[in-house]
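J.: Top line first, the protein sequences correspond to chains A, B and C. The first sequence begins at 50 in our numbering and counts up one residue at a time. The second sequence begins at 763 in our numbering and counts up one residue at a time. The third sequence begins at 1108 in our numbering and counts up one residue at a time.
Accuracy of the hints is not assured; some may be wrong.
[Claimed, not checked] List of simulated lysine to aspartate or glutamate pairs, DMTMM-like, C-alpha gap at most 20 Å:
#1 1409(C) / 1684(C)
#2 1207(C) / 1560(C)
#3 1265(C) / 152(A)
#4 877(B) / 887(B)
#5 198(A) / 881(B)
#6 198(A) / 883(B)
#7 1269(C) / 1690(C)
#8 1265(C) / 1690(C)
#9 198(A) / 152(A)
#10 198(A) / 767(B)
#11 405(A) / 1210(C)
#12 1409(C) / 1668(C)
#13 1265(C) / 1390(C)
#14 1269(C) / 1684(C)
#15 472(A) / 398(A)
In short, the hints are calculated from the structure, not lab data.
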Amino acid sequence: MNAVILPVVLPMLAAFLMQPLAHISAFTARLLGPLVLAISIAMLVQPWFLPDTGPFTVTFAGFVPPLGIVFYVDRLALIFAVAVPLFTLLSWGWSTDTHGDEEKKAREDALMLLLAASATGLSLSGDLFNVFVFYELMAVSSFGLVVQKGTGPARIATLRYLLISAFGSVLALLGIAILYAQTGTLNLAQLGQLAPAALHGPAGLTAFAFMLIGFGVKAELFPLNTWVPEVYATAPARIAGLLAGLISKLAALVVLRLLVVVYQDTSASQLLLLLGTLTLLVGDFSAWRSRDFPRMIGFSSIAQLGLVFIGFSIPGPWGVLAGLTVALHHLLLKTGMFMLATRWSGSLDRLVGCAKSTPVAAGLYLLFALSLVGIPPLPGFWAKLVTLAGLAEQGSAMHLVALGAVLLGSVIKAHYLFRFALKLYSRSDHPALRHGLMDLGTAALIGIALIAATIYVVPIGERLRAVAQQAADRDTYIATVFPDHANTAAPEGPR
Amino acid sequence: MIQLDFVTILYVGGIGLLAIGAAGLVICNNFFRILLALVVAEAGVNLLLVLVGYRGNAAAPILGFGPQGAQMVDPIPQVLVLTAIVIGVGVQALAISVLVRTYRSYGTLDVRELKARFEVDLAAEMGIESTPGSEAPAA
Amino acid sequence: MTSLDILFMVSGATLLTALLFGRLRLAEPLMVMLYAAQLWALIRTNTLFGDPVASSWQITVLVDQSMSWRYNSVSWFFAMLAIGAGLVSALYAAGAWMEKYLESGNSGHAVHLALAASVFSMVLLLGAADFLTLFLGLELVGWSGFLFMAIAGGVAAKAALKYLAYAFSGAMAILGAMALIYANVGSLEYGRVIDALPSMTSGQGWALLLLMGSGFAVKMGLLPFHLWQAQAYAETPAPGSVFLGAVFARMGFYDFIAVFISMVGIAQLAQLEVPNTGISSRELLAWLAAFTIILPTYTALKQQDARYLLTWLGVGQGGYMLLGLMVGDAGGTAGGLLHVFSFAITQAALLMAVFAVMYRTGTSDLNMMGGLARRMPWSFAVVLLGFFSLAGLPPMAGFVSKWLIYRSLASEGMPLLLVASVIGTVGTILAGYRLIYSMFLGRLRIEQEGVREAPPSMLAPMLAVAGVLLMVGFLPSPILNWVAAIQAQLGLPVVDYYPGGFSDPRGDLNMIWIVSVLLAGLGLAALAVFGIRVRSKRVHAPGSLTGGHFPDAETRHGYVDSFYAGLMQLIGPWYCDPFAWLERALVSGVRFVSSSVNRLYRYVQPTVFLLATAVAVVAWAINAGGF
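Only chain A is shown next, with the shape it has when bound in the complex:
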């Protein structure tokens, strides 16, 4: 049990200790963050080596659900719980570009740790209250991280992002209020039990829609993602990579849990399909026009998230598998791409002919682009194939339109990604733009991971299928949280 709670608590503790520690010993303060994250990773990796005995819950202070909050730990939650400290560590700011300003570095580290703590908690929580709190915590730490550069445009972008996020949270809270009014509980499992009776009407769907809007801001859903290009262009590239890769997936995970446990078999998935398709198309078409690298890959990540939502909107374990594979693949890829974007942060025209001075970076970009576009045998192809097969199997008009949109988006994506690749490899006399060693090293590590995933695609696929099967099973969820079915009756209603 501790193995699951400590990765949430320890980073939070370390975050608050960071600033006083920085005054005492700068070296320890620098070391604290990565150390805590490494401990978290070690703790969360352990369950993977044990045989899968099924999902379990963790209660707090002895209060059983639905009176207390609960952490629901199945394989899906564990994947994301491990991914959080791992990718936070990968995106860690090692370099001393704060120029010896230890306080600033301590602040940044504290915010990163808070982000990691809240994100881990978000992936594990089984109660909407908890979800809301962790989500807001994540949002606030991301505000602080995004405004770091301190330039004028960065502040404006942060302001606009903040306002959209805050209004989204208002709507999400409103949705939670409606949900509570209908059912009298905030525990996801109990909501799942009460859902068919209480939540499949217009009020329940409105609640879902509002929550989708609220969580969709972070998940870069159309039309709530107007903040994305602005923030990605002005924030440090590692932070943008963290946001695009990790945080957006966690927001999508929350939506998935809602969809699977509470809103199964309703038209909620249709709404998700529609918005996902629009997100995909808007993302790819906007990326085609973009003239600088961070925004280009920012728009492309919007499109990939659209694909994730399209995957999640397919009912059953196949949908979960589709969305999950795309999400994990994109998580890996975008972090790598944003590592490359740390130096390639200017206009695309400035990057003409860069391949000669940075052949490794250019080669990595090619690898990432090929996988993003979906070339067999790279993992991106399998993720896309699973999604397309799932869409084709549904067969309804809307699903076939989504199928066509995915294909169209891929063509546009291939065009702009390789237009840039050709620019990279053309000849020019631009000055060399070398990447920092840590950034390039991280990107290379991700490239190696991608190739490893290509070779081991079959066993990884099998594992992911088992995860998806487990995650899509609503009855298992409810049975795990309420093992003795003691609480099947609705609690005393609000009026």
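Starting from the known structure of chain A, arrange chains B and C on it as the hints suggest.
T.: Showing chains B and C alone in chain A's frame:
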């Protein structure tokens, strides 16, 4: 005739606050005013949440406050609201600090002007030649 | 470890060698040897006349889909072409060409890598035993081709990007069709799909044909998806151009054969009608092929660059193969399949010669050349033979294949298509003659006085391939043997051939007899010309008087301004080029959608969309929840 009891008025008030916040969101051109609209909207939602948990003629959810065995108002929404208020305050404080810095850099808080200058500054920083507007003179 | 595995391994080893050692000059002979080794491995698999060979590698993905590879006679035929073309290109590139290429600061490594990757991916594609491996191979081939095309940079990179847009759209169409097949049939293996075909509705069948057919049509370079080919092939460096021009589009043709002839069958295609018209798919495809023959051939007439002229002609020739196949009888399909072979060697020979001229003169602009026949007689001979073959004149290989196709069109009662293909041939002859005249006939330019014959490293493969052209024209039976094996594999009626030609109830074609007559005639003509003592006297130019002015050696008197001026005036108005217009319209459409979508992100108010969405979803929720 809708019964104009206390709770209904409060509901109307809560929705009204939300509406004011939403309207401010759309109409205002100053970032500070939009922030205030956010504050108002958050207040509205908090009020609605508390109302969801309201039970007529019930006591506050504190042990020993009311007569023994009396019904209590639902405490869960109140806890949620407390958390939401705190989060809201934090976010607003952060927003204001960013606003202050933005005002210091740009001298204005007008949404349109800041967006335009954002584009120009970003383009300059990145080295993109910005496309002139449709009314700019020919180069 | 089957013989197919050995082929794959040798091919993979070639790729690895190119990757690791491509920078060394040693790589050139090494690569040639490795391609020869691949050819040996292919012959050893013995799948042309023997049984199909399966690879021992098998991967199971997606729960229960297995990816496996196998070679049958069709694969063998196309693989022979691919590896042969690779061998010839590597031979061509080794030696003098590579020296000059490296001197200009280019990377020989890239050329070797691209060639090896292309051959390897083609070898993989040709062994596909289910749709997943087919798609994998198709993508690998497409991207290796992209690499090849993009190497030269500049114009070539733009052409490569255009190719990418086309090819990837085609690939996505195929992927969409595969998703639909998987959803309906539950499997992507050929056997299961064939079993499920009879139970498919007409609508489903048509959707599959449309999607997959379009994808294959893009790869084949069939109208209306043909615009990417000419420039992309022409701008690739010489070995690339030779290789791609000869075999690249044939990979799409192979896919077409593997799916639509082998699995669906021509009879089924004839029954599948385009909805709401009365035209069967077979007729539609035959007419598309016919238009592919005509339109690009006449575009070739407009070209001023020798490479572009040849590659546009090449686009047109692809139509003959499909046309022959769509006719469906023994002779037609034999002609179509034989044309794959004869066109490959023809185009290879022609392109090699043109690039040899470019190597020596530094230009490929037809208006900047002339009279090179004296200086480069062997190249001239190769181009002449290639021209005869392209035009379909005896005693070349092209004649045999085209004759078969014309015969079948006539005997199967498709006169309009016959007329169309003849129009195409007329255009080919005109364009080919333009090439020959502008390059080799006419007067030699002053600056090209010192031009010598192509270096032996480039001349040897040219002459070898031209020799094969002649031989196949004279004695087509070995290749017809191959074609017959393929026809048997595909379930098509088999052509009845014998050494020297083939028999047909309406009249045989005996090439030995024809060529002998031709040679005898030529011999008589030569005797007549050289026997009668007519000697021409070379007159030095200043010795003549022109309008009171003494011409000097520098003035150029023999030149052509606009070739075929009269014809161009006649058919000029017909060049409306709707496909280029369509292409431009599509690009503008994408640009328009992009800008409008981008405007959303430039919107001033940060949160209005949020509010609008909130209102919209409330409306949706009320609607969906059912008030």
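J.: Are the hints correct? Go through all of them and say.
T.: The hints, checked one at a time:
At roughly 12 Å between alpha-carbon atoms, residue 1409(C) and residue 1684(C) fall within 20 Å of each other, so this suggested pair holds. Taking the CA atoms of residue 1207(C) and residue 1560(C), the gap is about 16 Å. The hint holds against a cut of 20 Å. Among the hinted pairs, residue 1265(C) with residue 152(A) is inconsistent with the structure: their alpha-carbon atoms are about 50 Å apart, more than 20 Å. A distance of roughly 15 Å separates the Cα atoms of residue 877(B) and residue 887(B); the hinted pair therefore holds under the 20 Å criterion.
At most 20 Å may separate the alpha-carbon atoms for a hinted pair to count; residue 198(A) and residue 881(B) meet this at roughly 17 Å. For the hint linking residue 198(A) to residue 883(B), the alpha-carbon distance of about 14 Å falls within 20 Å, and the restraint holds. With a C-alpha separation of about 10 Å, the suggested pair residue 1269(C) and residue 1690(C) falls inside the 20 Å cut-off, and the hint holds. Proximity of residue 1265(C) to residue 1690(C) is assessed by CA-CA distance (about 15 Å); at most 20 Å being required, the pair is judged to hold.
Distance restraint check for residue 198(A) and residue 152(A): the Cα-Cα separation of roughly 15 Å lies within the 20 Å cut-off, and the hinted pair is therefore satisfied. Only pairs whose Cα atoms come within 20 Å are accepted, and residue 198(A) paired with residue 767(B) is rejected, the gap being roughly 53 Å. For the given pair, residue 405(A) sits about 18 Å from residue 1210(C) by alpha-carbon distance, which is consistent with the 20 Å threshold. For the hint pairing residue 1409(C) with residue 1668(C), the CA-to-CA distance comes to about 13 Å; that is within 20 Å, so the pair holds.
Restraint check: the Cα-Cα separation between residue 1265(C) and residue 1390(C) comes to about 35 Å, which exceeds 20 Å; the hinted pair is violated. Between residue 1269(C) and residue 1684(C) the alpha-carbon distance is near 17 Å, which keeps this suggested pair within the 20 Å criterion. Distance check on the hinted pair: residue 472(A) and residue 398(A) sit about 8 Å apart at the alpha-carbon level, within 20 Å; holds.
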